[in-house]
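Protein chains: 2
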Amino acid sequence: MKSDLDRLMKSRNLDAILVTGPAQHNPPMVYLTGGAHLTAGDLVKTVGEDAVLFFYSMERDEAANTGLKTKNLDDYKLHELLEQTGGDHLQATVLRYQRMLSDLGLTKGRIALSGKSDAGSAHAIFSGLEKALPDIEIVGELSDSILLQAMATKDEGEIERMRQMGRITTQVVGKVADFLTFHQAKNGILVNKDGAPLRVRDVKSKINLWLAERGAENPEGTIFAIGRDAGIPHSSGNPNDTLRTGETIVFDIFPCEAGGGYFFDFTRTWCLGYAPDEVQMVYEDVLDVYGKIMGELQPDTPCRMYQESACDLFEEKGHPTTKSNPQTEVGYVHGLGHGLGLHVHERPWFGRTATEEDRLSPGVVVTIEPGLYYPDRGLGIRLEDTVWVRPDRKMEVLAEYPLDLVLPIKES
Amino acid sequence: MKSDLDRLMKSRNLDAILVTGPAQHNPPMVYLTGGAHLTAGDLVKTVGEDAVLFFYSMERDEAANTGLKTKNLDDYKLHELLEQTGGDHLQATVLRYQRMLSDLGLTKGRIALSGKSDAGSAHAIFSGLEKALPDIEIVGELSDSILLQAMATKDEGEIERMRQMGRITTQVVGKVADFLTFHQAKNGILVNKDGAPLRVRDVKSKINLWLAERGAENPEGTIFAIGRDAGIPHSSGNPNDTLRTGETIVFDIFPCEAGGGYFFDFTRTWCLGYAPDEVQMVYEDVLDVYGKIMGELQPDTPCRMYQESACDLFEEKGHPTTKSNPQTEVGYVHGLGHGLGLHVHERPWFGRTATEEDRLSPGVVVTIEPGLYYPDRGLGIRLEDTVWVRPDRKMEVLAEYPLDLVLPIKES
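Line order of the protein sequences matches chains Y and D.
Read in order, the letters of the first sequence correspond to residues 32 to 443 in my numbering.
Read in order, the letters of the second sequence correspond to residues 32 to 443 in my numbering.
One chain only, chain Y, in its complex shape (with noise of 0.2 angstroms):
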């Protein structure tokens, strides 16, 4: 939580955080200023001492909005340190940086870098800023960075929003269900009323519609794959392809709040029609290890147990997994879970980078999603809920809605 901030901070030897980039979409940046319209801009949290945002003066208002300290960066004149610098952007940009560290205090010593930002200029200017100021240590921390282990365990004002994001999200999933059950088949494909096939493009196109009209976004698309393209646990679904019965759909639904602030994940598979034998036992296995996974959950456990767990079930019913062959491309392929918050994918890990503190701590939040891939058999089963391990130690799924694989649909 953010109020771990200051102790993390300790923990891991670190004078300071400098966060980067815009205040929407951007996750760190989101965290610490509570999201604002804010297009570029810094921050900086020294140990001990609240957050101080750099704003550009056109954004002054929505600087102000986020009750933070701030810090005018027109002050530091970027006109005269391009004179100083003969033109030099990326020397200007070094030179007002190292000032703004220094109206902090902040002349030697670790800073964690974050924030989303071009890679390239992220590079060139911490690398300049580093020969500048031999005594400040940038520090870049990957998957183990202390925004991910703040962010990890959510507070109340959190799940609050999140439980809202899972509403919306089981409801535009209860609006597709009755969409495409409102359709009839014909010859075994989806039509409406003119006999004209029903595609994907079309679902995808309702589906960020009725998101719209909650007031959510979906920045990064929606995966709704029929057939073999199930079978691909990331094919996002061919706009063009038709909706047939008796063939699987993955549909996994990861909307955030508008102006990129807290996600949802949420994945049901379906069979329009009916469930042929085959895709009916595949689907059972998959429902099987997820009830058993969700029955297993247990608070302060490490994540990466349940990842062995789900492989030795799958494996048990005659299913390859990653445990048996890290890169097979059919059976259980993938890592059974992850946190969720303002990033789809953050901490705790489950997967290869998931460590011994990835774990079920009280107040994280976390997705479980089993499934089996089998393109060549043109399916692909995956059911996926979120679950906040709750600070009196209870599992509760945050967005309840029925697990069925078969949407009936009347053939005409």
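In case anyone wonders, no lab produced these hints; they're calculated from the structure.
It cannot be assumed that every hint is accurate.
Just so you know, same-sequence chains aren't split out, so a pair can sit in one copy or run between any two.
[Unchecked claim] Computed list of lysine to aspartate or glutamate pairs in EDC-like fashion (alpha-carbon distance at most 16 angstroms, straight line):
1. K348 to E168
2. K224 to E442
3. K217 to E251
4. K108 to E360
5. K354 to D105
6. K354 to E111
7. K237 to D308
8. K217 to E442
9. K100 to D73
10. K139 to D166
11. K108 to D119
Start from chain Y and add chain D according to the hints.
What follows is chain D alone, placed relative to chain Y:
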């Protein structure tokens, strides 16, 4: 244009371009892949060769659909590299990059880096790579990057997509105008049928809905700012504000194609019901400068020239500008425009970072957006259109829309 890349790489003495990050909402990656549902990946283009896209196995179909040469990142066996480095994620990632580059024959030379990424991770990984491969120089180019230079001039296909975004944008602006004029004012405040005041948030949610209906996204939000807020260029508007007659509304809308494709950018200023004399006078000054600048635009001329010209024109009319005071917060306080494409703001630049190379070269698409801001007088005015410098050297406004200030409103 993309076809200039090899020439530009040679002129900058670059051996390769390395782009990292997702293929949605990440302009360099969208530019070079054509956009795809890839949550992560890397793309490397060496001089004279086609680009190679490194993808994760789960996204192999999406990668294949780009039509690019591809390599599977899972073949580099991160799990083995993690074992080799004792679980050090950073070192394992550096090793993987080392092998990826080596597979493309890159063991020395200058590599330009770009792509949206976590600043800290990028800095750590590419500093690590430079240490591991001392003959490789990772080049970060800030606002002068080779990709921004290539992107500045658009081909016919790109223009068609931007023109379509212009159509969608002006359709939605028209719908907002209709929506507002459909309401009546009561005691100078727009109200709905029940007599409850209409608020900025109601307008913004309609905008998102109408954009979604048309297949567009609005990841950076909309500026719809009334009264004093209109006087702060990037104030996005208070969601709770009522819509008061006789006050200026700056309505700046900048949606993009779904998935983070081409943007449009468009501003009108409206006064509901009537315009007080003071507002009318300031509006006419902006309109006059807008008309003069639009009439002056000539192909191949430097953008800075028009920024100068706009300052001179405003100063002649008695308004402070950034020319007389670079930090002014009243009068004409920002750049005249900017390039537009996969970024809302890209080259050519008009403001402080503009160089001799930022010109109205045939193929560029720029916004022209003069404005005047007097927050303490409760007003701001901006007019913005998007201009394409055509290959036949004519200027074309990509989406036409009336410039009128006053929206007629009935007083009930």
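Evaluated hints:
In the homo-oligomer, the alpha carbons of K348 and E168 never lie at most 16 angstroms apart, since the shortest distance is 51 angstroms inside one protomer and 51 angstroms across protomers. In this assembly of identical chains, K224 and E442 lie within 16 angstroms of each other by CA distance solely inside one copy; the values are 13 angstroms within and 45 angstroms between copies. For a Cα distance limit of 16 angstroms, the shortest separation of K217 from E251 qualifies neither inside one copy, at 33 angstroms, nor across copies, at 42 angstroms. In this assembly of identical chains, K108 and E360 lie within 16 angstroms of each other by CA distance solely across copies; the values are 14 angstroms between and 55 angstroms within a copy.
In this homomeric assembly, K354 and D105 come within 16 angstroms of each other (Cα to Cα) only across copies, at 15 angstroms, whereas the closest approach inside a single copy is 54 angstroms. Within a single copy, K354 and E111 get their C-alpha atoms only as close as 59 angstroms, which misses the 16 angstroms cut-off; across copies the closest is 13 angstroms, which meets it. Taking the shortest alpha-carbon separations for K237 and D308, neither the intra-copy value of 31 angstroms nor the inter-copy value of 46 angstroms comes in at or below 16 angstroms. Proximity of K217 to E442 under the C-alpha cut-off of 16 angstroms is restricted to the intra-copy arrangement: shortest distance 6 angstroms within a copy versus 55 angstroms between copies.
Taking the closest pair of Cα atoms, K100 and D73 come within 16 angstroms of each other only inside a single copy of the chain (12 angstroms); across copies the shortest separation is 38 angstroms, beyond that limit. In this homomeric assembly, K139 and D166 come within 16 angstroms of each other (Cα to Cα) only inside a single copy, at 5 angstroms, whereas the closest approach across copies is 30 angstroms. In this assembly of identical chains, K108 and D119 lie within 16 angstroms of each other by CA distance solely inside one copy; the values are 14 angstroms within and 41 angstroms between copies.
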